[in-house]
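So the sequence lines, in the order shown, correspond to chains A and B.
All residue numbers for the first sequence refer to UniProt numbering, where the first residue is 1 and numbers rise by one.
All residue numbers for the second sequence refer to UniProt numbering, where the first residue is 1 and numbers rise by one.
What the hints contain is simulated information worked out from the structure, not anything from laboratory work.
Among these hints, one or two may not hold up.
Copies of one chain are not kept apart here, so a pair can be met inside one copy or by any two copies together.
Stated by the list, open to error - Derived SDA-like pairs (lysine to any residue); straight-line CA-CA distance at most 25 Å:
(1) LYS19 <-> ALA74
(2) LYS19 <-> SER432
(3) LYS376 <-> VAL40
(4) LYS376 <-> ASP404
(5) LYS392 <-> THR405
(6) LYS376 <-> GLY202
(7) LYS19 <-> ARG274
A quick note: this is a predicted structure, and the numbers were derived from the prediction, not measured.
2 protein chains.
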Amino acid sequence: MRIRVDWRTSVSVLGTILKILALPLASMAALALFYSEPLVPFLVPFAGSLLAGVGLERIERDEPGPREAFLLVASAWLAVALVGAIPFVLAGQGTLADPVNALFESMSGITTTGATVVGRFEIHGRAILMWRQVLQWLGGLGILVLAVGLLSELSVSGAQLMETETRTQDVTKLTPRMAGTARLLGGLYLGLTALLAALLYGLHLLGPRIGVPDLAPEMTLYDAVAHALTTIATAGFSPHAKSVGAFSPAVQWVVVVGMFVGATNFVLLYHLSRGDTTRIRDSEEFRVYLGVVVGGALVVGAMLVLDGEYPLGEELVRATLFQVTSIVTTTGYATVDFDLWSAGPRHVLFLGMFVGGMAGSTTCSIKTLRWLVVGKTFRRDLFTAVHPRAIKPVRLSGAAIDEDTIRDIYAYTLVSVVIFGLLTVFVVVDASRAGVEVTEFGAMGAAASTFLNIGPAFGFAGPYGSYEPFPDSTKLVMVVMMWVGRIEIFPVLALLTRSFWES
Amino acid sequence: MRIRVDWRTSVSVLGTILKILALPLASMAALALFYSEPLVPFLVPFAGSLLAGVGLERIERDEPGPREAFLLVASAWLAVALVGAIPFVLAGQGTLADPVNALFESMSGITTTGATVVGRFEIHGRAILMWRQVLQWLGGLGILVLAVGLLSELSVSGAQLMETETRTQDVTKLTPRMAGTARLLGGLYLGLTALLAALLYGLHLLGPRIGVPDLAPEMTLYDAVAHALTTIATAGFSPHAKSVGAFSPAVQWVVVVGMFVGATNFVLLYHLSRGDTTRIRDSEEFRVYLGVVVGGALVVGAMLVLDGEYPLGEELVRATLFQVTSIVTTTGYATVDFDLWSAGPRHVLFLGMFVGGMAGSTTCSIKTLRWLVVGKTFRRDLFTAVHPRAIKPVRLSGAAIDEDTIRDIYAYTLVSVVIFGLLTVFVVVDASRAGVEVTEFGAMGAAASTFLNIGPAFGFAGPYGSYEPFPDSTKLVMVVMMWVGRIEIFPVLALLTRSFWES
Ligand SMILES: [K+]
Ligand SMILES: [K+]
Chain A
1 MRIRVDWRTS VSVLGTILKI LALPLASMAA LALFYSEPLV PFLVPFAGSL
51 LAGVGLERIE RDEPGPREAF LLVASAWLAV ALVGAIPFVL AGQGTLADPV
101 NALFESMSGI TTTGATVVGR FEIHGRAILM WRQVLQWLGG LGILVLAVGL
151 LSELSVSGAQ LMETETRTQD VTKLTPRMAG TARLLGGLYL GLTALLAALL
201 YGLHLLGPRI GVPDLAPEMT LYDAVAHALT TIATAGFSPH AKSVGAFSPA
251 VQWVVVVGMF VGATNFVLLY HLSRGDTTRI RDSEEFRVYL GVVVGGALVV
301 GAMLVLDGEY PLGEELVRAT LFQVTSIVTT TGYATVDFDL WSAGPRHVLF
351 LGMFVGGMAG STTCSIKTLR WLVVGKTFRR DLFTAVHPRA IKPVRLSGAA
401 IDEDTIRDIY AYTLVSVVIF GLLTVFVVVD ASRAGVEVTE FGAMGAAAST
451 FLNIGPAFGF AGPYGSYEPF PDSTKLVMVV MMWVGRIEIF PVLALLTRSF
501 WES
Chain B
1 MRIRVDWRTS VSVLGTILKI LALPLASMAA LALFYSEPLV PFLVPFAGSL
51 LAGVGLERIE RDEPGPREAF LLVASAWLAV ALVGAIPFVL AGQGTLADPV
101 NALFESMSGI TTTGATVVGR FEIHGRAILM WRQVLQWLGG LGILVLAVGL
151 LSELSVSGAQ LMETETRTQD VTKLTPRMAG TARLLGGLYL GLTALLAALL
201 YGLHLLGPRI GVPDLAPEMT LYDAVAHALT TIATAGFSPH AKSVGAFSPA
251 VQWVVVVGMF VGATNFVLLY HLSRGDTTRI RDSEEFRVYL GVVVGGALVV
301 GAMLVLDGEY PLGEELVRAT LFQVTSIVTT TGYATVDFDL WSAGPRHVLF
351 LGMFVGGMAG STTCSIKTLR WLVVGKTFRR DLFTAVHPRA IKPVRLSGAA
401 IDEDTIRDIY AYTLVSVVIF GLLTVFVVVD ASRAGVEVTE FGAMGAAAST
451 FLNIGPAFGF AGPYGSYEPF PDSTKLVMVV MMWVGRIEIF PVLALLTRSF
501 WES
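Using the sequences plus the hints, can you model the full thing?
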């Protein structure tokens, strides 16, 4: 076998990524110093990633092709997850001291999943808890850069989706070069994070001054930054066991808006930030995304009222809209333990896991754009089935989508659903083998929530629970599935084919 | 709104179908006479379908187009299900006397599903029990005629699948005209049914003569015919509560072979019957189908041995191969209550429900051909993702499949899986609303088993159970889903679009 992939280039770029990773690790060391917490957990991976990064970067690199990009993407998420786990192991506290748990938490972080194995939050240091948040923010940034700057040059499902967007929404016209676009959207991501942190902390400061002391009393600067990081990244980690439920109604409303914005196409947000509202009004995907959130909330709300869970009022609207937005945007925060709801609303949330927010954002799951294309194509095919001579392209926001792109979207959606099904069966059977009691619905939720990078599930892995009780074998498979799901399946599966390496 | 569908033609052909239906109803009346059971349950629908049939047939008919064919297919299955339910209601015994149950049983019959609401089999007359079997055989015949003679002229998923087969296996070359092909395969279907009945009854007669009295002591002529009818139709009704478990090992082995043959492409069987073995040896789909059955049996068998369910031996092999073949071929017979097995083998059976036998047979579910195309296309797309300039068609048994067909197969598979998911959620939520206790896995099984036309599920709807405890609302939705699933979704969904009726 002769390897024809230019792996040296991939490894060299990976070196740059590891070098960059040293910066947030150094910041966490500084934070630990500030809080008088141990520095070693951060200094060791800092030194390691800096040295490895500088070393690997020296390898001569060429212009990367599709294969080199696949290899880079797959190895980057894996490498950062491994380095990211080191602080948890070295801190050595609670469930996170266990290497499997540490890797799970780290992969859940960098993939913006938000499934946690933390048992008791209060025993961990503030820097360690902030590291979870930072990992997620970095993961969101990575996805954004990937979506615009890299994947769009490759001819795969996720890519052609971006191509579709490119065609219909002129991503490429934002700036002449992809790298420029990526930098621009990265800046927007940073700006939105800062804005949200300022808003949240602002509420905290404002409360006592306007005579409303319980406006946001718990939202300290630390928590404002921590939650801003994982809201815009639609990622969902919180340093609190009760998630956003630990904060006031005002904070919860701000976070609802933040999650909704975080799962909106960043190209639309960019135009919006420049005062151009036509793009967002013309976007069919945005209307579907908004419709799913509002429609889902109406259905869940009606069910909760029928169940007598809440009286009509602000609390009902907030609880419903928060949980539905959190799941549909794939954030995974919670303000109530929705695992205690009845079968109806729990199952609507479960279905919501498969939707996801808009393409071109940090959202995970299948994404509304894909479902929109699937639905439109299916409608078209019903039409052409009875009008065989008609030629009718599928149009998105006015522009025709080519049939190859449609096929790739079908493939991606189908493969996602099939992998979810197989993972569910694995979780049930593996838990039963290991003697861990998992309900079928708990397994379905955990499979969807990890593979689709949402976070909380049902049963012991519910929004106020933890994935810790799953057997190690299940947790390790979930680590792999979070990784595979976040980078949109193809890069990992391609690595498993012989033709990837050889021909 | 101006209706542009030539519904008169559809209704006229439906008249012919109802006229033909009078013949089996008359036969059941004769059987009732033979067993001194009430004749009225059969004479009323006999007279009704004969009169309605002759009357409707008089409506002038034109050459049917795609729309008229869709309308015909959808209304034919529905009309026969309604007429087929009349004997159960008029016989007025047990659970079947209830109209909802009667319709469920009849639809389960004509769609070759085999999900039953019968509580106690022994209280029903022999003619009524045989009517269930006959409905299934007619349903299987309908599907065979449809697959070859009708659907292949239409440009829908199921159709293009047959087209694919046409191209790769020369269905059209069997005889110059489609009608001729349909007649030929219908004859083969009848011949195989007769052969199987003769084999089963032959075992019964042979036993005492060769000094092996327990070769097949219970396999009377009645049971031989009853099971031959529902084996070749991969349908699964049995007049016995214990299904094929009521019979000897020898009978079970014959039935395994019968089910396997019933889910094999009838074009291949036709060539085989003429001594041509090359077709079957060259068929990639056959190899996959065989592989799924053997592979599934090996996995289930290994799990059962680990569970200590059976010692190594003939009983293990038979129990495993029977249950796996029954599920994969979508027949739905059982020889053991597999609902009592542990999570592992039960979940493998559950996954097996989604496979199905070969296209061009009476099998239901998604079918191996579609999965084969999905798998090959996915592999091809992984290849072209890393080799963007390569042009590589997907080949099946050597011939290239066109991309439109591939897209339709993806669409069909995805829509099936999505409908299954939504149906599962409906079953859980509706049961919880009605206060009927259904486990999540029970709901998953029942949803898959009805929509994919398999028959038994898990929990109270297990192989030795009944669907009777489900609320009426759930049962009526399942009636619709069996109907939608059996005629491959598109004809019913197309009827729901406005463009079907108007433009
Ligand atoms: K998440
Ligand atoms: K069946």
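Where does the structure disagree with the numbered hints, that is, which hint numbers, in rising order?
-> 2, 3, 6, 7
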